[in-house]
Amino acid sequence: MLQFFVDVILRTVDLALIAVALSCVYSLIRFPNIALVQYATAGALIALGLQTLGLPLYLAIVLSCVITGLMAVVLSVLIFEKLLDTSPPLAMVGSLAVSMIFTAVFLVTVGPRPKRFDLEIMAPVRWAGVSITPMQLVSVGLTMGAILLFALLLFRTGLGRSMRATSTNRVLAEATGIPTRKVINGVIVLSGILAALGGISISLKGEMGAQLGFDLLLPIFAAAILGGLGNALGAALGAFTIALAETFVTNVNFGWVVSQDFYFLPASFATIVSFGLLVLILLFRPHGLLVSEVKRV
Amino acid sequence: MIKIENIIAGYGDGPNILHGINLQASKGEIVTILGPNGCGKSTLLKCIAGFVKPRGGAVVLNDTDVTPVPANEKVRKHRMGYVPQSDNIFPSLTVAENILMGARFLPQATRAVALKRQFVAYPSLADKATRKASALSGGERQLLSLARALVAEPSVLLLDEPSAGLSPAMVHEVFVAIEEIRNSTGMCIVMVEQNAFEALSVADRAYILALGQVALEGCAADLIADPAMRHLYLGGDPEATTSSA
Numbered sequence: 001m002l003q004f005f006v007d008v009i010l011r012t013v014d015l016a017l018i019a020v021a022l023s024c025v026y027s028l029i030r031f032p033n034i035a036l037v038q039y040a041t042a043g044a045l046i047a048l049g050l051q052t053l054g055l056p057l058y059l060a061i062v063l064s065c066v067i068t069g070l071m072a073v074v075l076s077v078l079i080f081e082k083l084l085d086t087s088p089p090l091a092m093v094g095s096l097a098v099s100m101i102f103t104a105v106f107l108v109t110v111g112p113r114p115k116r117f118d119l120e121i122m123a124p125v126r127w128a129g130v131s132i133t134p135m136q137l138v139s140v141g142l143t144m145g146a147i148l149l150f151a152l153l154l155f156r157t158g159l160g161r162s163m164r165a166t167s168t169n170r171v172l173a174e175a176t177g178i179p180t181r182k183v184i185n186g187v188i189v190l191s192g193i194l195a196a197l198g199g200i201s202i203s204l205k206g207e208m209g210a211q212l213g214f215d216l217l218l219p220i221f222a223a224a225i226l227g228g229l230g231n232a233l234g235a236a237l238g239a240f241t242i243a244l245a246e247t248f249v250t251n252v253n254f255g256w257v258v259s260q261d262f263y264f265l266p267a268s269f270a271t272i273v274s275f276g277l278l279v280l281i282l283l284f285r286p287h288g289l290l291v292s293e294v295k296r297v
Numbered sequence: 001m002i003k004i005e006n007i008i009a010g011y012g013d014g015p016n017i018l019h020g021i022n023l024q025a026s027k028g029e030i031v032t033i034l035g036p037n038g039c040g041k042s043t044l045l046k047c048i049a050g051f052v053k054p055r056g057g058a059v060v061l062n063d064t065d066v067t068p069v070p071a072n073e074k075v076r077k078h079r080m081g082y083v084p085q086s087d088n089i090f091p092s093l094t095v096a097e098n099i100l101m102g103a104r105f106l107p108q109a110t111r112a113v114a115l116k117r118q119f120v121a122y123p124s125l126a127d128k129a130t131r132k133a134s135a136l137s138g139g140e141r142q143l144l145s146l147a148r149a150l151v152a153e154p155s156v157l158l159l160d161e162p163s164a165g166l167s168p169a170m171v172h173e174v175f176v177a178i179e180e181i182r183n184s185t186g187m188c189i190v191m192v193e194q195n196a197f198e199a200l201s202v203a204d205r206a207y208i209l210a211l212g213q214v215a216l217e218g219c220a221a222d223l224i225a226d227p228a229m230r231h232l233y234l235g236g237d238p239e240a241t242t243s244s245a
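These protein sequences, in sequence, are chains E and U. Sequential numbering from 1 applies to the first sequence in the numbering used here. Sequential numbering from 1 applies to the second sequence in the numbering used here.
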């Protein structure tokens with residue numbers, strides 16, 4: 001049971017930061033940027049590249065986050081803002097196209113084979129029947145720390161209040177002297193940083209490759225929508241819910257159904273759960289579970 | 001003081017909505033912009049406020065050309081107050097927090113004094129300082145939005161249809177409050193209104209727009225009696241709109 005809970009947390013960690021980033025951007029400019037999942041891949045690959053160049057891993061991670069954050073705002077200003085001026089659906093299709101370009105660039109530059117950070121191999125920690133590797137613990141700590149810092153920024157700082165005011169009513173925020181354009185660009189940088197951290201966090205636990213972003217696309221959208229698209233912290237809760245459902249389906253022994261001692265569904269069923277939950281959410285709670293929180297300044 | 005010189009404006013790639021508007025409002029003056037739906041009066045106010053970038057012409061605020069300056073900077077650096085037509089409060093914040101949102105760029109030490117000043121001016125808001133703004137009536141919300149815009153003591157106040165959606169009694173209360181603001185502060189107030197006769201009753205001067213141009217301008221008292229203005233509002237002979245008060 002405890003291992004099940006740990007597996008849920010580890011899967012939540014895969015989804016949470018990128019879902020938070022997606023929701024955060026959506027809250028300000030009403031634009032579900034599909035390319036955000038590729039920022040996660042880019043963040044991981046840039047960090048790997050910097051580590052390969054000889055930088056210590058922690059420094060490679062910090063620099064990679066900064067580079068990805070800046071890349072996010074440059075792409076936003078050069079491409080997405082212009083598409084949004086035309087129409088939000090066009091911007092979403094544009095972000096899908098940018099996403100495909102990213103995948104092609106990743107395939108050309110790093111190839112199709114999965115990559116790993118150069119990390120010391122360490123034995124898993126075993127306690128009370130639970131097995132977890134040190135890098136999984138680092139990944140959990142990194143994600144929880146980032147979400148905690150993000151929550152503090154959002155609810156305990158002037159910038160956070162400006163972000164929430166801009167998200168609630170951009171015209172009124174501007175009328176109160178908030179430089180909403182700067183706030184939006186700041187949040188886009190932040191979303192790039194969070195996505196990069198998300199990709200790095202996943203890669204610390206295992207591998208990274210050109211398909212990393214696309215593999216995450218569906219569960220991340222499901223998590224963000226479940227949490228109330230536009231509600232950044234709700235997205236983290238959405239990620240936990242999706243992780244819980246996915247882990248349940250793949251970890252539970254369904255032997256009793258087929259009259260066998262053991263029968264576990266293959267891991268690919270996790271995707272079906274994400275799809276299924278997404279359809280159910282869109283049908284019955286299209287604004288998510290925590291929609292009221294979106295309006296909180 | 002505000003001076004608008006030959007403003008031309010529109011949205012996106014669309015056609016021009018304003019075709020060379022000139023307007024002036026001095027210190028201690030209430031100027032109202034009137035006109036039928038779609039004549040461009042809200043667009044004109046958004047150009048002055050900085051929400052719409054003019055395609056031509058100039059916006060001069062207190063002798064400074066602020067044409068390309070965004071709204072937030074006009075509020076912070078050029079002492080402009082702006083009250084949008086709808087959604088002009090933060091419903092999830094308390095009354096006091098809403099007012100303080102307008103004072104967030106003032107020095108920390110002066111904010112409490114500024115808040116108190118607004119509570120003295122609007123005692124009905126002081127009584128509900130800790131209540132959520134969403135619990136206020138329409139008229140109280142309008143007063144709150146005024147208090148939020150006034151808390152930083154602007155020299156120019158822009159109001160976009162302050163009486164929109166209010167009951168007749170509340171409309172009167174809001175216009176009394178606007179007149180009181182001018183009388184007590186000597187502020188320059190420019191307001192766009194649909195409620196022409198109420199607006200003219202408190203305004204010093206008025207501009208009446210039609211099809212993105214100034215059709216009539218003059219002293220408010222004279223315009224109330226002008227049959228051409230009635231034509232503009234109620235429809236009729238377009239020739240009537242060429243006369244001037």
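Possibly wrong hints are sitting among the right ones.
[Said to hold, decoys possible] Some, not all, of what chain U presents toward chain E, calculated at C-beta under 7 Å: (1) A71; (2) M101; (3) F105.
[Stated by the list, open to error] With a cut-off of at most 35 Å between alpha-carbon atoms, the simulated DSBU-like pairs for lysine-lysine come out as follows: (4) U:K77 / E:K182; (5) U:K3 / E:K182; (6) E:K82 / U:K77; (7) U:K116 / U:K27; (8) U:K53 / E:K82; (9) U:K53 / U:K3; (10) E:K182 / U:K132; (11) U:K116 / E:K182; (12) U:K3 / E:K82; (13) E:K182 / U:K27; (14) U:K3 / U:K116; (15) U:K53 / E:K182; (16) E:K182 / U:K128.
[To be verified] Label-pair restraints from in silico Cβ distances: (17) E:V77 / U:G20: 44 to 52 Å; (18) E:F155 / U:T64: 42 to 50 Å; (19) U:R55 / E:P89: 23 to 31 Å; (20) E:L282 / U:D222: 33 to 41 Å; (21) U:E180 / E:D85: 35 to 43 Å; (22) U:Q108 / E:F264: 36 to 44 Å; (23) U:H78 / E:L159: 36 to 44 Å; (24) E:T109 / U:M1: 54 to 62 Å; (25) E:F155 / U:C219: 32 to 40 Å; (26) U:G20 / E:L148: 35 to 43 Å; (27) U:H78 / E:P286: 40 to 48 Å; (28) U:T64 / E:G276: 53 to 61 Å.
Since the hints were derived computationally from the structure, they do not count as laboratory data. Quantities reported herein were computed from a predicted structural model and do not represent experimental measurements. C-beta atoms are modelled at their ideal positions from N, C-alpha and C, and glycine is treated no differently.
Hints and how they fare:
no.	hint	verdict
1	A71	holds, 5 Å
2	M101	holds, 5 Å
3	F105	holds, 5 Å
4	U:K77 / E:K182	holds, 16 Å
5	U:K3 / E:K182	holds, 28 Å
6	E:K82 / U:K77	holds, 29 Å
7	U:K116 / U:K27	holds, 25 Å
8	U:K53 / E:K82	holds, 16 Å
9	U:K53 / U:K3	holds, 16 Å
10	E:K182 / U:K132	holds, 28 Å
11	U:K116 / E:K182	holds, 31 Å
12	U:K3 / E:K82	holds, 32 Å
13	E:K182 / U:K27	holds, 32 Å
14	U:K3 / U:K116	holds, 32 Å
15	U:K53 / E:K182	holds, 18 Å
16	E:K182 / U:K128	holds, 33 Å
17	E:V77 / U:G20: 44 to 52 Å	violated, 32 Å
18	E:F155 / U:T64: 42 to 50 Å	violated, 37 Å
19	U:R55 / E:P89: 23 to 31 Å	holds, 27 Å
20	E:L282 / U:D222: 33 to 41 Å	violated, 59 Å
21	U:E180 / E:D85: 35 to 43 Å	holds, 41 Å
22	U:Q108 / E:F264: 36 to 44 Å	violated, 60 Å
23	U:H78 / E:L159: 36 to 44 Å	violated, 23 Å
24	E:T109 / U:M1: 54 to 62 Å	holds, 59 Å
25	E:F155 / U:C219: 32 to 40 Å	violated, 52 Å
26	U:G20 / E:L148: 35 to 43 Å	violated, 56 Å
27	U:H78 / E:P286: 40 to 48 Å	holds, 43 Å
28	U:T64 / E:G276: 53 to 61 Å	holds, 60 Å
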